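Can you make the complete structure from the sequences, with help from the hints?
What follows is each chain in one-letter form.
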Amino acid sequence: MADNVRGTGDDGIPVTAGSGTTPTGTAGAQVVDPTLDARAAAADVPPELIAQSLGQYFRAWWLRVRGGNSGVLPVVLAIVVVAVSFQVANSKFLSSQNLVNLFEQSTVYMLLAMAEIFALLLGEIDLSVGLVMGLGSVVVAELVQPSGLGWPWWAAIIVTLLACSAVGAIQGWLVAKVKMPSFIVTLGGLLILEGVGILVLGGTLVGIGNSRFTNEVVLYDIFWGHFNPLVGWILLVVLVGAAGTGLWLRDAGRRRQGLETPPRSLTALKIVLIAVAGIAVVAICNVNRAHFGTIEGVPYIVPIVLVVLGAWTVLLQRTRFGRYVYAIGGNPEAARRAGVSLASVRIWAFVLAALTSGIAGILFASWQVSLTTNIIKTSNSYVLLAVAAAVIGGTSLFGGRGKTIHGILGGLVIGGIYNGLYLLSVSSQWIDVVVAAVLLAAATIDVLSRRGATGQA
Amino acid sequence: MTADPGETPTGTAKPQAVDLTLDAKVAAADLPPELVAQSLRQYLRASWLRIRSGNSGVLPVILAIVVVAVVFQIVTPEHAFLRPSNLVYIFGLSTVYMVLAMAETVVLLLAEVDLSVGAVALIGGVIAFKLVQQPGPDWPWWAAILAALACCGVIGALQGAMTALLRIPSFVVTLGGFLLFSGILIVILGGADATVSVSTSVPNQRVIYYMVQGLTSPVVDWVALAVVVGAAGTSLWLRAAGRRRQGLAAPPASLTAIRIALVALIGAAVVLICTVNRGTAIVTVEGVPWVIPIVLVLLGAWTLVLQRTRFGRYVYAIGGNPEAARRAGVSLAAIRIWAFALCAATAALGGILLGSFFYGEYSTNTADPGQLVLYAIAAAVIGGVSLFGGRGKAVHGVLGGLLIGGIAYGVSLLNLGNLATPLEYILPGGVLLAAVLIDVLSRRGTGSVNTHG
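In the order they appear, the protein sequences are chains A and B.
Residues in the first sequence are numbered consecutively from 1, following the working numbering.
Residues in the second sequence are numbered consecutively from 1001, following the working numbering.
Watch out, some of these pointers could steer you wrong.
[What the hints assert, rightly or not] Cβ-Cβ distance ranges computed for the label pairs, FRET-style:
hint	chain 1	residue 1	chain 2	residue 2	range
1	A	Leu149	B	Ile1074	52 to 62 Å
2	A	Gly225	B	Leu1063	36 to 46 Å
3	A	Ala166	B	Val1075	38 to 48 Å
4	A	Ala290	B	Val1075	48 to 58 Å
5	B	Ala1194	A	Ser85	21 to 31 Å
6	B	Ile1074	A	Val178	29 to 39 Å
7	B	Gly1430	A	Thr245	46 to 56 Å
8	B	Pro1135	A	Asp221	53 to 63 Å
9	A	Ala166	B	Val1305	37 to 47 Å
10	A	Gln87	B	Tyr1359	28 to 38 Å
11	A	Ala166	B	Pro1084	42 to 52 Å
[What the hints assert, rightly or not] Which bits of chain B does chain A cover? Going by a derived footprint, with three or more residues having C-beta under 8 Å, they are:
hint	stretch
12	1236-1248
13	1265-1276
[As the list claims (entries may be wrong)] Non-contacting residues of chain A with respect to chain B, defined by C-beta distances greater than 10 Å in every case (computed):
hint	residue
14	Gly55
15	Pro74
16	Ser91
17	Ile158
18	Lys179
19	Leu191
20	Ile198
21	Glu260
22	Val287
23	Arg323
24	Val435
Hints in this document: simulated from the structure, not taken from any laboratory.
Keep in mind it's a predicted model, so treat the numbers as computed, not measured.
Where a beta carbon is used, it is the ideal one built from N, C-alpha and C, also for glycine.
Quick look at the structure:
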């Protein structure tokens, strides 16, 4: 949107020529500062690829941050600021009981933000993720009703995910093939979905909280269930062991073949970090968090969110589809000339966004336990917060820049703010104000940090 | 642009074979038909050419309004849709969408978007209502309204400055603004359960209450209509005559006459509909509601600003090609900030009218700011405003808003039971998609496709 002014001196980006001088022709030789160029190049390469030692790695990483590629740094800092300030204000904030609660509140934001990132990476937008979630929640709840269809839970989940994906396919087709702007397609889509959701609900209340029916219990447990503490530890050991071995073996393999490899100490550090983070999560979750009786163990939603994160990260970072998504987001015309089928990649991205929203919908149904017309309407309000979470996490609105992890981190920031202000019994209107301030701060930091960067608009 | 996606261009500087007739047609389609036509027949032909080439203007939305009116007239019980009382109610219901869509139009013309208009409109309404409270500020009504417009104008200018000076995408700035002002709205209102209202028993508050609900007497309506049509007709005729005398391009005299007749006819129809007694035999309800002249004045003001002032020309220039506008010496930042400020001030007026429509009472249940903004954007786009900047007029917002209001009310007239609420969402969504689909398809293959991506 009107962004082609960038880099022409309009906002003071040094393009080597002062704004007063007339360019002498685009093909003419220009004076280039070689050190600047080298630095810019260094800032573009992932630090793992050029560093030979841990010290070099940190230096390269810092150069990258300085160059405007700050990645997850601002949002991690934001999480630290949120955690520290709320902990100072109320010592319950970082209690293990509240942290689990916080994660539960953030789950839907995280999933919807991960969904939105597929659209944002292409430079498109999907305003319908909130209501795709709403639709998914109603469909899954309706399908298992014993008085109605009474399907088994697994069939209900599969059909729900298929239905949501179909919505995404239709919207993606309209965007990619008919060439309608995604803003309008998904705006119209959300209006229609709101109606369809209310229609499927049928004007009454649909619940999945009846413990006499196994199918409802399974759906209820998706959000509210948790592992036995011992199982949590065993799973952690297995996962960290597998991840650590995999990382180490891959690096060793690359080193043996003489390929670019991160330093050994870095790999070790990464494995240790994963293990420490995992132990912290399991330890926190295994504390008894019930007021009466016992509730302890890792909630199922933690592995669910991690699996979605892992799957989409692999899809975006390691497959051809992912490379094409970034290529189209960076420059669709260049991607087209390189032989990328714009239409099919775009359609698949919208399908994946809707699929992820469908997963969020199943969790949403489980979270809310009973669904009403009003809850369908509120599901729309999640969309703007999902976009906010993605942007706070570090994903660009203009396409080509962002990762799935940004959705998780941004969702945690928003969930943390909601949770923390709620703990301080601040009324909900101020929560919106704080989220807005964080969003604007994130966007300003992003724009300013990029402005100092060389030629990176 | 004209190449199909499979063809590789052979270099930008190379001369290309151009179909000259096509070129002439496209050029003709870009000019307003008034300027090229010498007779009525030529004018109609030029208009048709323009429509064929994708510049369909208000035609699709007017057709849609006609279709909606006819369909609902047929399907509503007792064929009640086109009753005068319903038509007047629909106008009141649509007011907020019409005004917010006009506000959104100026921002969309710049190829920006303002997601905060809904929240800002409600803030403007609550400010105006709060300022006329009797135990309280008790400002005169005009000062309260001006203060609300000014406050919201400043809000808009701040958001515009963040977009224009810092170059943060307007989507993000106004998304933040939407959240921020939705929260502040409740703070100003005094809590989630608070209400603020104006009543007819206080003369100062009555003015605000009457902005939508108030009626003028039928005699005044006819006199006012005669004066307005007379003045508009005379000035139209004299201007065309003056241009013709000076040898400038002028529309044919028959066209001017037809236009004046149309204005008179539509005006007479509106007054006629509104002056029918829509009450009962005991309580007479007749006369044009205040809101109709208010919306018309706002429409006239926005049309003048966008079509006849330097600011308006610059808005279209920036929306068409910001870089070209910048090189032509247009201050992008100043125009953008002003556009956001005017958008927010217009939205504030919409908010005040919304409160008046809800019988002078404001609460958090009055409207959902998120829903308002989506409907406002939908109304502007349905009316014919482009999301990519540079194409659209204030009247598009009014027509789009009227269509959305008409659909919403028509659905509520049908006895659909459980189907009523879903259709209230499905129909506007479907109309929005259909409008853009028609727009995209009509533009395809004419060389004026806005290739996006």
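Cross-check of the supplied hints:
Checking the proposed 52 to 62 Å range against Leu149/A and Ile1074/B shows it is violated: the Cβ atoms sit about 36 Å from each other. A hinted range of 36 to 46 Å for the beta carbons of Gly225/A and Leu1063/B is inconsistent with their spacing of about 55 Å. For the pair Ala166/A and Val1075/B, the supplied restraint of 38 to 48 Å is violated, since their beta-carbon distance comes to about 30 Å. As the Cβ distance of Ala290/A to Val1075/B is approximately 56 Å, the hint placing it in 48 to 58 Å holds.
About 29 Å separates the C-beta atoms of Ala1194/B and Ser85/A, a value consistent with the hinted range of 21 to 31 Å. Between Ile1074/B and Val178/A the beta carbons are some 31 Å apart, a value that agrees with the proposed interval 29 to 39 Å. Look at Gly1430/B against Thr245/A: about 54 Å separates their beta carbons, and that is inside 46 to 56 Å. A C-beta distance of roughly 55 Å is found between Pro1135/B and Asp221/A, which places it inside the suggested range of 53 to 63 Å.
Distance hint for Ala166/A and Val1305/B: a CB-CB separation of about 45 Å, consistent with the stated range 37 to 47 Å. In this structure the hint that Gln87/A and Tyr1359/B lie 28 to 38 Å apart at CB is violated, the actual value being about 48 Å. A hinted range of 42 to 52 Å holds for the C-beta pair Ala166/A and Pro1084/B, which are about 45 Å apart. Restraint check on the stretch 1236-1248 of chain B versus chain A: 0 residues with Cβ-Cβ distances below 8 Å, three needed, restraint violated.
Counting residues of the stretch 1265-1276 of chain B whose C-beta sits closer than 8 Å to any C-beta of chain A gives 0, which falls short of three, so the coverage hint is violated. Listed as a non-interface residue, Gly55/A keeps its Cβ farther than 10 Å from every Cβ of chain B; the least gap is roughly 36 Å. Consistency note on Pro74/A: stated as away from chain B, and its beta-carbon is indeed over 10 Å from all of that chain's, at 14 Å minimum. Every C-beta of chain B lies more than 10 Å from that of Ser91/A, the closest at about 26 Å, which supports listing it as non-interface.
Against the 10 Å criterion, Ile158/A stays outside the reach of chain B, whose nearest CB is about 25 Å from its own CB. With a cut of 10 Å on Cβ distances, Lys179/A falls inside the contact zone with chain B, its closest approach being about 6 Å. Its beta-carbon lying about 3 Å from the closest one in chain B, Leu191/A breaks the requirement of being farther than 10 Å from that chain. With a closest Cβ-Cβ approach of about 5 Å to chain B, Ile198/A is found to fall inside the 10 Å limit, against its non-interface label.
In this structure Glu260/A is separated from chain B by more than 10 Å, as the shortest Cβ-Cβ distance comes to about 34 Å. Look at Val287/A: its CB is around 34 Å from the nearest CB on chain B, clear of 10 Å, so calling it non-interface holds up. Every CB of chain B lies more than 10 Å from the CB of Arg323/A, the least distance being 18 Å, so the non-interface label holds. Not every C-beta of chain B lies more than 10 Å from that of Val435/A, the closest at about 5 Å, which undercuts listing it as non-interface.
Violation of the numbered hints given earlier is confined to hints 1, 2, 3, 10, 12, 13, 18, 19, 20, 24; the remaining hints are satisfied by the structure.
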